[in-house]
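Put chain B on the given structure of chain A with help from the hints.
Protein chains: 2
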Amino acid sequence: MEGDAIMKVRRFALMLVVGISLVGAAACMTTSISPADQAEVAISSGNLPPGYRDWTLISIARLGGKVNDLRAKLGNDVAIKAYRQGTLPFPDGAIITRLAWKAVPSEENNDALRPFLEQQLGKAETGRLLVDSFVAGPATNIQFMVKDSKKWASTGGWKFIEFDNGKPAPQAEGGEKSCYECHEPAADTDYVFTRYAQ
Amino acid sequence: MEGDAIMKVRRFALMLVVGISLVGAAACMTTSISPADQAEVAISSGNLPPGYRDWTLISIARLGGKVNDLRAKLGNDVAIKAYRQGTLPFPDGAIITRLAWKAVPSEENNDALRPFLEQQLGKAETGRLLVDSFVAGPATNIQFMVKDSKKWASTGGWKFIEFDNGKPAPQAEGGEKSCYECHEPAADTDYVFTRYAQ
Chain A
607 MEGDAIMKVR RFALMLVVGI SLVGAAACMT TSISPADQAE VAISSGNLPP GYRDWTLISI
667 ARLGGKVNDL RAKLGNDVAI KAYRQGTLPF PDGAIITRLA WKAVPSEENN DALRPFLEQQ
727 LGKAETGRLL VDSFVAGPAT NIQFMVKDSK KWASTGGWKF IEFDNGKPAP QAEGGEKSCY
787 ECHEPAADTD YVFTRYAQ
Chain B
607 MEGDAIMKVR RFALMLVVGI SLVGAAACMT TSISPADQAE VAISSGNLPP GYRDWTLISI
667 ARLGGKVNDL RAKLGNDVAI KAYRQGTLPF PDGAIITRLA WKAVPSEENN DALRPFLEQQ
727 LGKAETGRLL VDSFVAGPAT NIQFMVKDSK KWASTGGWKF IEFDNGKPAP QAEGGEKSCY
787 ECHEPAADTD YVFTRYAQ
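Heads up: the protein sequence lines correspond to chains A and B, in order.
Here the first sequence is numbered in this note's numbering, starting from 607 and rising by one per residue.
Here the second sequence is numbered in this note's numbering, starting from 607 and rising by one per residue.
If several chains are the same, the list does not tell them apart, and a pair holds so long as it fits within one copy or across any two.
Straight-line C-alpha distance at most 25 Å; calculated BS3-like pairs for lysine-lysine:
no.	residue 1	residue 2
1	Lys708	Lys672
2	Lys783	Lys729
3	Lys729	Lys672
4	Lys708	Lys729
5	Lys773	Lys672
6	Lys756	Lys687
7	Lys783	Lys757
8	Lys783	Lys756
9	Lys708	Lys773
10	Lys757	Lys773
These aren't lab readings, by the way, just hints derived from the structure by calculation.
Chain A on its own, in the form it takes in the complex (with noise of 0.2 Å):
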């Protein structure tokens, strides 16, 4: 009996790491749509997805004149291992954003930067510097490119997308056709203009 006595206690305790193991795998397969699906899912939907906003990023960049905006590009996780690996082209699920605000000049900058900066550079040079400082203003639009190489294969694998206020921009209904072309110098690296800032 008292052998018996370990047998249950041995198939008990085989019994509890079968159940937590089990327990495990329906958890892992009720999580098992990644980020990148489902951000891919969100953008095909006409929503933005769920926490690009703090996406890394991967360069900033300016267009001046009538335009006058200063922009950043984040990638998700996807995106981002292929910038620091180099891999080419983009694995299916790497997603590109690029946010913009209007440059707006910042006074409270330049009167902070003004002691620091007439010391580094002198006094001439300031005067010419200071009225130059910018700061993001009000924010434009939101541009994303999701990469499926099968889905969207006509244009390059990307899905062009471009979002007003939260919501898709009229003429991004069939719009992946004109962004592609925009974009098909930069076909060497898979039509993506954007180089990792280190």
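For chain B alone, coordinates are given in the frame of chain A:
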């Protein structure tokens, strides 16, 4: 003996649960240093904090003239949460970093944008516009503001530090005072100039 065996099974199961709980608690204790604390320790030791390049974008800006850069402000989780909830002063553990790159004209971007902008804005505007396309070029330096209201009480609760080529800048030693003096006009926003870009 049957009852004895069941007792043994119960005791074994209880021990297993207690054991798993203890292992879990121990695991939590060994990882109880928060990412914010880890970052602060790294910065105080003269190293760039792990993972800072993946922190969330707060906003972007540019400084013209001789400096001629494009700059991005990123925040760790503590800082971003405070920004989004409008918490002032920033809680201890908040870290803000400013990355900067020389602004470099991009003929590649100009060429790609020209057809699109000509269509949108007309040819007269485009000539002026497109010579103004800039991207992030070589990195300049990286600055951090680390919040610890007790440790850095004499400089608004912030440690200010600059890294050049991954190492603390020579002027970083005792440089908190001069950084703080420039940040004093932003006392109402806890000595932080940068607003979160929606």
